[in-house]
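Peer 1: Here is how the chains run, residue by residue.
There are 2 protein chains.
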Amino acid sequence: MTKRKEMQLALQMVSGYGAEFSAWRMPGTDPAAYTNTDNYVERAKIAEKGKFQMIFIADTPALTVDLGPQTPSFPMDPMLALMAVARETEHIGLVATHSTTFNYPYNIARQFKALDVISRGRVGWNAVTSSTPEAAANFGMQVASRKERYAKAHESIQIVQSLWGSWQPDAWTLDTEGGKFADMDKIQPINLQGQYYASRGPLPIPPSEQGQPVIFQAGGGAEGLELAGRYASGVYANPYDIESARQHRQALRKSAARFGRNPDDVKMYAGFMFSIGATEEEGLERRRQLMSFNPDEIPSRVSYLGSMVGLRLSVHTVDIDRPLPAELLERTYASPQDPRSPRALQLLKQGLSIRDVLAHGVINYHPVVAGTAVQVADFLEEWFLADVTDGFSVVPDIAYDGVADFVEQVVPILQERGLFHKEYEGNTLRENMGVPYQYGSAETK
Amino acid sequence: MTKRKEMQLALQMVSGYGAEFSAWRMPGTDPAAYTNTDNYVERAKIAEKGKFQMIFIADTPALTVDLGPQTPSFPMDPMLALMAVARETEHIGLVATHSTTFNYPYNIARQFKALDVISRGRVGWNAVTSSTPEAAANFGMQVASRKERYAKAHESIQIVQSLWGSWQPDAWTLDTEGGKFADMDKIQPINLQGQYYASRGPLPIPPSEQGQPVIFQAGGGAEGLELAGRYASGVYANPYDIESARQHRQALRKSAARFGRNPDDVKMYAGFMFSIGATEEEGLERRRQLMSFNPDEIPSRVSYLGSMVGLRLSVHTVDIDRPLPAELLERTYASPQDPRSPRALQLLKQGLSIRDVLAHGVINYHPVVAGTAVQVADFLEEWFLADVTDGFSVVPDIAYDGVADFVEQVVPILQERGLFHKEYEGNTLRENMGVPYQYGSAETK
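If you're matching them up, the sequences are chains L and P in order. Going by UniProt numbering, the first sequence opens with residue 1, and the numbers climb by one from there. Going by UniProt numbering, the second sequence opens with residue 1, and the numbers climb by one from there.
Misleading hints may appear alongside valid ones.
The list that follows gives simulated cross-link-like pairs (lysine-lysine, DSBU-like), each with its CA atoms no further than 35 Å apart [as the list claims (entries may be wrong)]:
| hint | chain 1 | residue 1 | chain 2 | residue 2 |
| --- | --- | --- | --- | --- |
| 1 | L | Lys45 | L | Lys422 |
| 2 | L | Lys152 | L | Lys186 |
| 3 | P | Lys180 | L | Lys45 |
| 4 | P | Lys45 | P | Lys5 |
| 5 | P | Lys152 | L | Lys152 |
| 6 | L | Lys152 | L | Lys254 |
| 7 | P | Lys254 | P | Lys422 |
| 8 | P | Lys45 | P | Lys422 |
| 9 | L | Lys5 | L | Lys45 |
| 10 | L | Lys152 | P | Lys147 |
| 11 | L | Lys254 | L | Lys5 |
| 12 | L | Lys45 | P | Lys45 |
| 13 | P | Lys49 | L | Lys45 |
| 14 | L | Lys422 | L | Lys49 |
| 15 | P | Lys254 | P | Lys5 |
| 16 | L | Lys49 | P | Lys45 |
| 17 | L | Lys254 | L | Lys147 |
| 18 | P | Lys147 | P | Lys254 |
| 19 | L | Lys147 | P | Lys152 |
| 20 | P | Lys152 | P | Lys254 |
| 21 | L | Lys180 | P | Lys45 |
| 22 | P | Lys152 | P | Lys186 |
| 23 | L | Lys5 | L | Lys49 |
| 24 | L | Lys422 | L | Lys254 |
The hints are simulated quantities; they were obtained by calculation from the structure and are not laboratory data. Bear in mind the structure is a predicted one, so any value in this text is a computation, not a measurement.
Just chain L, with the same shape it has in the complex (with noise of 0.2 Å):
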């Protein structure tokens, strides 16, 4: 088999607004979209249309943020969100976060199951562990230790991939002459008892069209990397450089070797945030307007991006709308902590005013191209070709025209480039992601 040469996209959907503190108050945009599932169906939908290999709604069941100023960071329900998506699309994959601190693995595995045979196998399972202390208050816990979570997450998804394959392949007779609907020698209890969790099966849900649904990861840390090359056959992982994407694919690589796996089934997908313009400056400018919203978070993104350059920086001190001055651009360093700094420092140091350098996206948690399409394509593809991921997930800042920007002028680069995909391999997300079928758990397939 040739290698593989084409990346993967996902495209993250969050609470349906898209990344960016102030998306739901730019024209356009539903300022309820929160509740409103359209605006899910319609961004997957045109995802589609631009061939992502899926769709993933990262998940914490807690509110964790200031509803004032900005919206929830996650969907009211994640599964009737996919539900949806899935009744009205046909390809696309369907991804959720779901932790398994805080669910049952029968109910995990039942309703992912479900989707899975509903979707004719598009659905994948991102399994987490959750150390948010709100959502461990809303389940009456306190967060666990981190081998504790770990210990946990391993019972549960070994008892929820047990429970998937707890039908044989061949289980569902459906004879109607005969009167078999199905072969009960061949759906059988999986009696799987753990120190956490334990389950006695079977579950009632043949297999779906790609046998179950596919694991991924997104944790980090030695527990992490264990877990994804044990189990994961998809990982969101979050680099900021294209050196700490290459390591943590080279350890992801490593631990799946380990546990007896082929390197190549465990797919990376970056995240990775944009802003379109037809012009940069256009890109930029829809970064000035999303951060011109809330005025009140600038003195802190100054100080945040003062620390990530050695300074102690203030808007009283400062004009954010010029660039740095000499004086203080002296004395600044990168900081050895932080993979952003550097780019913060090439920016500040290229005399973009602080207000530009901010909104060029050096203190988002991923990194951010603020650009025209073609500077977007750069981007992705000079990671692409330096083989430090499998793909990106693509986190729009605006999911009103972000993702419709993105698939109608982003992707249609890539293909030309023959980086991208221009039609799907097959209907499974196991198929169009290129990992082979799994039944059952992973010790016993």
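Chain P: place on chain L using the hints.
Peer 2: This is chain P only, laid out in the frame that chain L set:
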């Protein structure tokens, strides 16, 4: 307010086939209906055309039957099925069972409230404690004592309702110009700590158009009556005859009054099954055909029928296609333990063949009318005018055509007789059930 004089109708959906054992084998039925959500959506649309107040999906998280001859008794996933229905209907209520034992209150609160918001206020939660050992085993539990299960149920419902009310009704400001998404002073934690469950909250979901989902209850016994009287606005009951319906409804109303509520605010829906034909003979023939698919089941049904009337009956000693021999008929008597016995005895005495007595559904869980639409309407009218129930939870024998038959043939008769509404009273389930608005926990309303 004058007393409501029209009955209410709930369509009970089970696995997608209808309630009868062999429904999946009937010509016209999609044998794979279990995995095809279209079946739920189509049936719900027909029920909405018939102005049904709600569809109701019962559930137990376990495989409880032998899938050799029969289909699963429950859907792959009730919430996903209701989500599909929500997007393709406008008025009909959407009720699903969720166990208070096998779900964290936060997860119940979240998914039901999200669906309630998405459906614009049409959702109900049938809160049950679940005593099925197979279900408990799927969660690594054993069936707890009745006392403990109900104690958990009280905590669960109180936490869920409090989470539902954690946004004050006017908290969602959505002020794009002023940049105020919500008023955080009006979104508060609930901080409930029980013996079994706890949750901090708030739930990040605004009020729905009916405030929050409607609570339903379905269990029996003193504990069930208490739960219903304290929290429920709707109760699915299973009386077999008018007298037991009257007793159950009186007990429900008394329980509501004991908790300081208006007894009229708790609506009872009596389970009812039907098989409709152009003539009584055709209705019966439909049920004979259903029985004929599973000749293996007949010996045990005959023996069961015998036990209901004080006889040891065997297919080896009687001809089931003939009436019960006179010498046996003489010795029959109605079992005082089984409210279905008088009806069985009556039909045997009328000289029906044993097969036809069974075809009339005398050993079914709910009362059955096999006959014409007029006979079905007569049955419903008799119960309703006896003032022993607020409505019916009707269970089609075969969903494929049974729902349409009821809507096209029975509903117009009920409407002509002034027994059933011709138009929805409002947009929300509460409005269409005629129960008051509630927001937050029962204690704080």
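Peer 1: Check the structure against each numbered hint from earlier and tell me which ones fail, lowest number first.
Peer 2: No numbers; nothing is violated.
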